[in-house]
Amino acid sequence: MLTIIDVSTFYGSVPVLKNVIIEIPKGSITCLLGSNGAGKTTTINTVLGFVKPSAGDILFNDASIRGLPTEAIVSRGIGVVPEGRRVFPKMTVEENLLVGASCSKNKANIARNLERAYTMFPRLAERRSQNAGTMSGGEQQMLSISRALMSDPQIVLMDEPSLGLAPLIVNDIFATIRQINKDGTTVLLIEQNAFKALAMADRAYLLQKGQVLASCTENTPEAKARLKDIYLKSTEQAH
Amino acid sequence: MAGEVIVQQFFNALSLGIMYALIAVGFTLFFGVIEVVNFAHGEVFMLGAFAAMIGGGVFAAAGFTPGTVLFVLLVLAVVLITGALFGAALEKFIVRPMRGTPDIMTLLITLGASIVVREAVMLFVPNGRNPQPFPQLIFMNSLTAGGVLIKAETLLCICLSALLISGMYYFIEKTVFGRYIRATAQDREAAMMMGVNVKLVFVVTLVLGSALGAVAGLMNGMAYGIIKFNMGFAASIKGFASAVVGGLGNIYGAIVGGLLLGFLEILVVSVVPDGSSYQDLISFLIVIICLVFRPAGLFGERAYEKV
Chain A
1 MLTIIDVSTF
11 YGSVPVLKNV
21 IIEIPKGSIT
31 CLLGSNGAGK
41 TTTINTVLGF
51 VKPSAGDILF
61 NDASIRGLPT
71 EAIVSRGIGV
81 VPEGRRVFPK
91 MTVEENLLVG
101 ASCSKNKANI
111 ARNLERAYTM
121 FPRLAERRSQ
131 NAGTMSGGEQ
141 QMLSISRALM
151 SDPQIVLMDE
161 PSLGLAPLIV
171 NDIFATIRQI
181 NKDGTTVLLI
191 EQNAFKALAM
201 ADRAYLLQKG
211 QVLASCTENT
221 PEAKARLKDI
231 YLKSTEQAH
Chain B
240 MAGEVIVQQF
250 FNALSLGIMY
260 ALIAVGFTLF
270 FGVIEVVNFA
280 HGEVFMLGAF
290 AAMIGGGVFA
300 AAGFTPGTVL
310 FVLLVLAVVL
320 ITGALFGAAL
330 EKFIVRPMRG
340 TPDIMTLLIT
350 LGASIVVREA
360 VMLFVPNGRN
370 PQPFPQLIFM
380 NSLTAGGVLI
390 KAETLLCICL
400 SALLISGMYY
410 FIEKTVFGRY
420 IRATAQDREA
430 AMMMGVNVKL
440 VFVVTLVLGS
450 ALGAVAGLMN
460 GMAYGIIKFN
470 MGFAASIKGF
480 ASAVVGGLGN
490 IYGAIVGGLL
500 LGFLEILVVS
510 VVPDGSSYQD
520 LISFLIVIIC
530 LVFRPAGLFG
540 ERAYEKV
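Respectively, the protein sequence lines represent chains A and B.
Going by this note's numbering, the first residue of the first sequence is number 1, and it counts up by one from there.
Going by this note's numbering, the first residue of the second sequence is number 240, and it counts up by one from there.
Each hint should be verified, as a subset may be incorrect.
Claimed, not checked - Each computed EDC-like pair below joins lysine to aspartate or glutamate, with the alpha-carbon atoms no more than 16 Å apart:
1) B:Lys-413 <-> A:Glu-95
2) A:Lys-26 <-> A:Asp-183
3) A:Lys-224 <-> A:Asp-202
4) B:Lys-413 <-> A:Asp-183
5) A:Lys-107 <-> A:Glu-95
6) A:Lys-209 <-> A:Glu-236
7) B:Lys-413 <-> B:Glu-428
8) A:Lys-90 <-> B:Asp-426
9) A:Lys-90 <-> B:Glu-412
Unchecked claim - Partial list, computed: chain B residues near chain A (C-beta under 8 Å):
10) Phe-363
11) Glu-392
12) Leu-395
13) Gly-417
14) Arg-418
15) Arg-421
16) Ala-422
17) Gln-425
18) Ala-429
19) Met-431
20) Met-433
21) Val-435
Keep in mind the hints are simulated off the structure, nothing from the lab.
Built from N, CA and C at the ideal position, the CB exists for glycine as well.
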């Protein structure tokens with residue numbers, strides 16, 4: 001569904017991604033692992049067009065989206081749960097959700113998705129006219145996830161959805177991600193909770209210093225164990 | 240007698256303040272949404288006044304009768320279109336090419352653009368160096384009640400501005416596109432991730448803000464009957480002062496800031512002996528005091544609160 005082919009990027013003259021190849025099949029949960037600065041967020045930002053690749057191509061449903069403006073990229077069916085949630089703090093919960101539906105022109109769909117969000121997270125329904133900035137981190141994360149789903153995306157890119165949340169809420173968030181995937185949405189997940197994410201993933205890629213160090217393309221315990229080993233060794237080396 | 244003077248001055252202050260508010264709304268929108276301080280904003284004020292003068296002349300020559308509702312509406316349309324085009328040009332030739340450069344560069348270029356526009360009007364409008372008489376647009380009797388005399392122009396300007404400002408409020412708070420504008424102001428990148436067309440948001444913001452600034456220029460012409468190529472400079476200082484008082488980026492702050500400045504100026508003019516010589520000093524003083532003691536403005540919760 002989403003294919004990153006041999007992509008390299010620079011911040012100024014500093015290389016960030018080097019020949020990254022990632023394949024995200026339709027219906028999968030694909031996980032990006034790696035330490036801070038490995039290039040996980042840059043990978044998402046490159047897909048979204050915030051960072052322009054200097055080489056390589058990005059295909060979404062077999063069509064190149066490289067070089068398109070961000071709004072054109074996401075309107076093809078990509079939802080985003082950005083790092084740090086990034087809800088609009090001075091807008092109500094409902095307004096946040098409606099901004100998430102900017103790509104959707106169909107009013108009936110928007111109303112239906114609004115209801116779905118409120119059913120999925122009754123907390124958001126209670127607070128629908130409260131400013132998002134006044135909510136707790138967990139609630140904001142629920143909002144950020146619901147907002148990404150408002151335009152019925154085919155794939156959701158999630159950047160550290162469990163960052164800074166209490167362990168109980170982290171479990172909720174993971175359960176939600178599994179449910180979203182079961183409902184038919186492809187997921188690209190960046191997680192600091194590496195093992196938890198790996199356990200849930202169909203596929204995983206390990207990034208280090210902007211390169212794909214290892215990948216696990218089959219959903220078997222052995223393959224995952226192998227990736228886990230490489231991951232642990234790579235983090236030991238880093239320290 | 241004293242009561243009549245107060246009522247009289249109240250209307251003077253209201254019309255002055257609401258004119259400042261119209262200019263300040265543009266400043267604050269541009270800062271809040273696009274993160275530019277647009278020092279060419281005073282020129283749209285001047286262009287609005289000149290467009291009304293030239294447009295009024297053309298329409299009168301074309302056989303429309305000055306003073307009719309149609310005539311006033313035509314002039315207003317010309318003013319709004321002039322402001323809108325100026326805003327669109329700003330977006331195309333300054334804001335878009337300068338995206339990604341340090342803010343100070345955009346600020347300096349708008350300052351340069353403002354000089355170019357001002358000098359161009361001076362050079363290319365016939366006799367542009369000298370003050371121009373502003374044509375009378377309406378011929379209605381002044382309102383008198385007790386000893387109070389209010390010019391019909393003043394009332395019209397107050398109503399028109401109140402209408403435009405409430406229209407702007409409605410657009411930003413209640414419409415779908417207004418929601419995109421607020422989202423962009425609060426977190427531009429997140430808005431882009433949600434599929435908001437931020438480029439279009441910039442264009443609309445500049446077009447609307449500039450159109451309001453142009454109407455302020457029209458009001459100024461109607462109120463004083465004389466316009467000049469360099470009238471935009473003082474206007475931009477006052478609009479900017481109002482926006483700073485309200486907290487740059489805060490629309491409602493800008494409106495209150497504009498009214499506050501208008502009332503303060505009239506207060507000084509009418510109370511302090513020979514106060515009118517100090518009228519222009521006040522806005523500078525206010526900016527300095529505000530930046531020192533309340534850099535986020537009177538209503539700012541934190542530095543640079545956004546729309």
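The hints, checked one at a time:
As the CA atoms of B:Lys-413 and A:Glu-95 are separated by approximately 10 Å, the hinted pair is consistent with the 16 Å bound. Under the criterion of a C-alpha separation no larger than 16 Å, the hint pairing A:Lys-26 with A:Asp-183 is consistent with the structure, at around 12 Å. The straight-line distance between the Cα atoms of A:Lys-224 and A:Asp-202 is roughly 10 Å, inside the 16 Å bound, and the hint therefore holds. As the CA atoms of B:Lys-413 and A:Asp-183 are separated by approximately 33 Å, the hinted pair breaks the 16 Å bound.
Only pairs whose Cα atoms come within 16 Å are accepted, and A:Lys-107 paired with A:Glu-95 is accepted, the gap being roughly 15 Å. About 14 Å separates the Cα atoms of A:Lys-209 and A:Glu-236, which keeps this hinted pair within 16 Å; it holds. For the given pair, B:Lys-413 sits about 22 Å from B:Glu-428 by alpha-carbon distance, which is inconsistent with the 16 Å threshold. Of the pairs offered as hints, the one joining A:Lys-90 and B:Asp-426 holds, with about 10 Å between alpha carbons and a cut-off of 16 Å not exceeded.
Between the alpha carbons of A:Lys-90 and B:Glu-412 the distance comes to roughly 12 Å, so the proposed pair stays at or under 16 Å and holds. The interface hint given for B:Phe-363 is broken, as the beta carbon of that residue sits about 38 Å from the closest beta carbon of chain A, more than 8 Å. Checking B:Glu-392 against chain A: minimum C-beta separation of about 38 Å lies over 8 Å; hint violated. With its C-beta approaching chain A no nearer than about 35 Å, B:Leu-395 sits outside the 8 Å limit, and its interface hint is violated.
Interface restraint check for B:Gly-417: the shortest CB-CB distance to chain A comes to about 10 Å, outside 8 Å, so the restraint is violated. The interface hint given for B:Arg-418 is met, as the beta carbon of that residue sits about 6 Å from the closest beta carbon of chain A, less than 8 Å. A hinted interface residue such as B:Arg-421 counts as satisfied when its beta carbon comes closer than 8 Å to some beta carbon of chain A; here the least separation is about 6 Å, so the hint holds. For B:Ala-422, the interface hint holds, the least distance from its beta-carbon to any beta-carbon of chain A being 5 Å, beneath 8 Å.
Among the interface hints, the one on B:Gln-425 holds; its C-beta lies about 4 Å from the nearest C-beta in chain A, closer than the 8 Å criterion. Of the supplied interface hints, the one on B:Ala-429 holds, with its beta-carbon coming within about 4 Å of a beta-carbon of chain A, less than 8 Å. Annotation: interface hint on B:Met-431 holds; nearest CB of chain A at approximately 4 Å, less than 8 Å. Interface hint at B:Met-433: satisfied, since its Cβ lies 5 Å from the closest Cβ of chain A, which is below the 8 Å cut-off.
With a cut of 8 Å, the hint placing B:Val-435 at the interface with chain A holds, because the nearest CB-to-CB distance is about 5 Å.
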